[in-house]
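Participant: Chain by chain, the residues run as shown.
Protein chains: 2
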Amino acid sequence: MKRRQFLSGAAVAGATAALASGFAKPAIAQGAREWRMVTTWPKNYPGLGTGAELLAEYITKASEGRLTVKVFGAGEIVPAFEAIEAVGTGAVEMGHGAPYYWKGKLPATEFIASMPFGLTAQEQNAWFYYAGGQELADKAYAELNCKFFASGNTAATMGGWYNKEINSIEDFNGLKIRIPGLGGEVLKAAGANVVNLPGGELAPALQTGSIDAVDWVGPYNDLAFGLYKSAKYYVNPGWYEPATVLDNFINLDAWNELPDDLKAIVEAANKAVNVMVMSEFTARNNDALKTLVDKHNVELRRLSDDTILALGKLTGEVLSDVASRDPLAKEVFDSLVKFRTQSVAWSKIAEGGFMQARAMDYPFPG
Amino acid sequence: MKRRQFLSGAAVAGATAALASGFAKPAIAQGAREWRMVTTWPKNYPGLGTGAELLAEYITKASEGRLTVKVFGAGEIVPAFEAIEAVGTGAVEMGHGAPYYWKGKLPATEFIASMPFGLTAQEQNAWFYYAGGQELADKAYAELNCKFFASGNTAATMGGWYNKEINSIEDFNGLKIRIPGLGGEVLKAAGANVVNLPGGELAPALQTGSIDAVDWVGPYNDLAFGLYKSAKYYVNPGWYEPATVLDNFINLDAWNELPDDLKAIVEAANKAVNVMVMSEFTARNNDALKTLVDKHNVELRRLSDDTILALGKLTGEVLSDVASRDPLAKEVFDSLVKFRTQSVAWSKIAEGGFMQARAMDYPFPG
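Here the protein sequences line up with chains D and W, keeping their order. So the first sequence is numbered by this note's numbering: it starts at 994 and just counts up by one. So the second sequence is numbered by this note's numbering: it starts at 994 and just counts up by one.
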């Protein structure tokens, strides 16, 4: 989809409505800019929403008010999934969400966000900053008239809450599961009945048995959601989404118009938020897992090696197929899988190899 | 060591000499500050030195010159290991290095830098930003009259270059090895003959057999150093330094005097540099490992499980002993090992569990 087509779409109507409803577009007065950031998150949503708050805070503080950013929760100006249209059309200047929310408009964003059996958060950042990822993401987002920044990362997620046992890949056949994105595509190919339900309906649907399993995020968000009350097993590893990038998207004209110092502030603020969100998830997941296991007696289940091998193979086939349908998605996919091959070789002896050694059973203080 | 004692030390002489040698202390003119950053790195040293360069660039650009930071390589104003004295006394405003370089002055810094069998880079950041690490580091650095920022991370390192086989922990007995820091303390306890040599002497010492092994960094720096030409085995995992924090230290008075917007710029710039350095090491190590193995036929050796178990146990004992000698080091150590226990539990099913699954043998594009 080209920018022209995009601008002629439904977004203009939505943006106009938003403007009419009292959110007047601010002017640049005496070099002081006021930007609005629309988000796909409820205000102050744990982990995800606080990334947007931090970003606004860093930019506003560092620029001493020369660029003030005000955060709006999902639905305050536009509904969550219209955020990128509101930014692309210039109705607002800035947005915060996750790239795969825009896959209907731009399939490449699904690969930018996360890839089953793909990169870890640390590797994703390495890809963005030192292996061409930023340039590819900018190329993709330019189609939506936006500048892209990686602006947070969930780091490793879990493999979902299940009420049925998974002992082999065959057990996904006929399974009713709520799982979005590329992980959902893989499970569809494995015969699962993939559904999408709003967050609030997940626990009741698990309890009544109208669905068998749910993929949400990780211990921190899942604990807050109370999913442990409605499911028997908490499955790992999180092969669907080994890490999910959050995005800060900025109207291209607004971005290009910024002076260099404000550009530097926005860039550094996004990098700062990137490490902060990843750190918050890591620290809180640590805590929440302990609560889930020690206090709520959650049963952790690791997928068998045979199941993982079969899922890995199927994932490679499904991703290749999905990527082949769109040239830009294919370009992103090719870059990612090339980087992935080297990442697997290095992580086996580096981060991965170390964590395996550290997890062995020897006495240690703490 | 208290600040008063510290200020009365040899640093004042060094700093005075530096001032006398032509590096005049800048004044604040019309709100425009000019700061000098001394570093422990040769200028533009790969990975480590570029963190300092990036930091200066972000701060200078983002502040539009209200705070200009100029980088000096090791020896340009003061020798590498006098950097923190030059900053603490106020001879210069800012420095960049690694915390364990200051262990002679402040034992706690060794634990802040890295811990054998300790935290990964991602976990270390989580500890700094969301589990009290920043506060503890600030408390420690205040003893040196400095403000602390985490300002880069090597991420996982390797386990060193060896010309002797290590098949059990007994094989460290009598081994002549160049290894700094807490890893060196552990190997001393295992009977090794731990030496320190300047970087330039490592390759000849390995070649003549005057030492048997060298711990340096990881593939990126080790390849540049050519260590593969002088050693038989490249050992993993990097249990000595699973991740090493770099530090940005700022004279406390200079820091306290900054207006809030410049403080926000410096804080965000350090967080940005933190993720950038980690990303650069991750991307370049990926590449360099491939070159070492494919082009230079380097033989990778993983320590046996029994060796790892014995090293893990010994590490716990040695670290407890080292920490017990200094109250502040003990406070940092206690905080780290508490966070480590939860990190091990979560990483086993999160990052670590995922990487183990991903590394299995199934067909995948790339």
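Honestly, I wouldn't trust all of these hints.
Said to hold, decoys possible - BS3-like cross-link-like pairs, simulated, lysine-lysine; straight-line CA separation at most 27 Å:
#  : chain 1 : residue 1 : chain 2 : residue 2
1  : W       : K1063     : D       : K1054
2  : W       : K1054     : D       : K1341
3  : W       : K1036     : W       : K1096
4  : W       : K1288     : D       : K1288
5  : W       : K1288     : D       : K1331
6  : D       : K1283     : W       : K1288
7  : W       : K1341     : D       : K1157
8  : D       : K1222     : W       : K1054
9  : W       : K1054     : D       : K1054
10 : W       : K1036     : D       : K1341
11 : D       : K1331     : W       : K1283
What the hints assert, rightly or not - If you want the ones that stay clear, here's a sample from chain W, every Cβ over 12 Å from chain D, calculated:
#  : residue
12 : R1026
13 : T1082
14 : N1118
15 : A1124
16 : E1158
17 : G1174
18 : G1177
19 : A1183
20 : G1184
21 : A1198
22 : S1223
23 : A1247
24 : T1300
25 : K1306
Stated by the list, open to error - Pairwise CB distance ranges, derived in the manner of DEER restraints:
#  : chain 1 : residue 1 : chain 2 : residue 2 : range
26 : D       : D1246     : W       : D1298     : 57 to 67 Å
27 : D       : Q1200     : W       : D1298     : 53 to 63 Å
28 : W       : E1250     : D       : M1353     : 42 to 52 Å
29 : D       : P1173     : W       : Q1200     : 32 to 42 Å
30 : D       : E1163     : W       : K1132     : 18 to 28 Å
31 : D       : E1163     : W       : R1295     : 52 to 62 Å
32 : W       : S1297     : D       : P1035     : 48 to 58 Å
Read the hints as simulated data drawn from the structure, not as lab findings. Glycine included, every Cβ here is placed at the ideal spot set by N, Cα and C.
Participant: Please go over all the hints and tell whether each is borne out by the structure.
Facilitator: Hint check results:
1. For the suggested pair K1063(W) and K1054(D), the alpha carbons sit about 23 Å apart, so the restraint of at most 27 Å is met.
2. The straight-line distance between the Cα atoms of K1054(W) and K1341(D) is roughly 38 Å, outside the 27 Å bound, and the hint therefore fails.
3. Under the criterion of a C-alpha separation no larger than 27 Å, the hint pairing K1036(W) with K1096(W) is consistent with the structure, at around 23 Å.
4. Distance check on the hinted pair: K1288(W) and K1288(D) sit about 52 Å apart at the alpha-carbon level, beyond 27 Å; violated.
5. Between K1288(W) and K1331(D), the direct Cα distance comes to roughly 18 Å. Compliance with the 27 Å bound is thereby established for this hinted pair.
6. Restraint check for K1283(D) and K1288(W): the C-alpha separation of about 45 Å exceeds 27 Å, so the hint is violated.
7. A distance of roughly 23 Å separates the Cα atoms of K1341(W) and K1157(D); the hinted pair therefore holds under the 27 Å criterion.
8. Simply put, K1222(D) and K1054(W) have alpha-carbon atoms about 51 Å apart, too far for the 27 Å limit, and the pair is violated.
9. Distance hint between K1054(W) and K1054(D) is fulfilled; the C-alpha atoms sit about 15 Å from each other, no more than 27 Å.
10. About 32 Å separates the Cα atoms of K1036(W) and K1341(D), which puts this hinted pair outside 27 Å; it is violated.
11. With a C-alpha separation of about 13 Å, the suggested pairing of K1331(D) with K1283(W) holds against the 27 Å cut-off.
12. Every C-beta of chain D lies more than 12 Å from that of R1026(W), the closest at about 14 Å, which supports listing it as non-interface.
13. At roughly 29 Å, the least C-beta separation between T1082(W) and chain D is larger than 12 Å, which holds for a residue marked as non-interface.
14. For N1118(W), the non-interface assignment is contradicted: its Cβ lies about 4 Å from the closest Cβ of chain D, within the 12 Å cut-off.
15. Listed as outside the interface, A1124(W) is inconsistent with that label: its C-beta sits roughly 5 Å from the nearest C-beta of chain D, within the 12 Å cut-off.
16. Non-interface call for E1158(W) relative to chain D: holds, since the shortest CB-CB distance, roughly 17 Å, exceeds 12 Å.
17. At the 12 Å boundary, the C-beta of G1174(W) stays outside the reach of chain D, the nearest C-beta of that chain being 16 Å off.
18. Every Cβ of chain D is farther than 12 Å from the Cβ of G1177(W); the closest lies at roughly 18 Å, confirming the non-interface assignment.
19. Listed as a non-interface residue, A1183(W) keeps its Cβ farther than 12 Å from every Cβ of chain D; the least gap is roughly 14 Å.
20. The non-interface label for G1184(W) is consistent with chain D: the shortest C-beta to C-beta separation is roughly 19 Å, beyond 12 Å.
21. The Cβ of A1198(W) lies farther than 12 Å from every Cβ of chain D, with a closest approach of about 25 Å, so its non-interface assignment holds.
22. Residue-level check passed: S1223(W) sits 20 Å from the nearest beta carbon of chain D, beyond 12 Å.
23. Listed as a non-interface residue, A1247(W) keeps its Cβ farther than 12 Å from every Cβ of chain D; the least gap is roughly 18 Å.
24. Look at T1300(W): its CB is around 10 Å from the nearest CB on chain D, not clear of 12 Å, so calling it non-interface is violated.
25. Look at K1306(W): its CB is around 4 Å from the nearest CB on chain D, not clear of 12 Å, so calling it non-interface is violated.
26. For D1246(D) paired with D1298(W), a C-beta distance near 59 Å keeps the hint of 57 to 67 Å intact.
27. Roughly 43 Å separates the CB atoms of Q1200(D) and D1298(W), a value that falls outside the hinted 53 to 63 Å.
28. With their beta carbons about 49 Å apart, E1250(W) and M1353(D) fall inside the hinted range of 42 to 52 Å.
29. Take P1173(D) and Q1200(W): their Cβ atoms lie about 57 Å apart, and the range 32 to 42 Å is violated.
30. At roughly 56 Å, the beta-carbon separation of E1163(D) and K1132(W) lies outside the given 18 to 28 Å, and the hint is violated.
31. About 34 Å separates the C-beta atoms of E1163(D) and R1295(W), a value inconsistent with the hinted range of 52 to 62 Å.
32. At about 51 Å, the beta-carbon gap between S1297(W) and P1035(D) stays in the expected band of 48 to 58 Å.
Taken one by one, the earlier hints fail for this structure at numbers 2, 4, 6, 8, 10, 14, 15, 24, 25, 27, 29, 30, 31, listed in ascending order.
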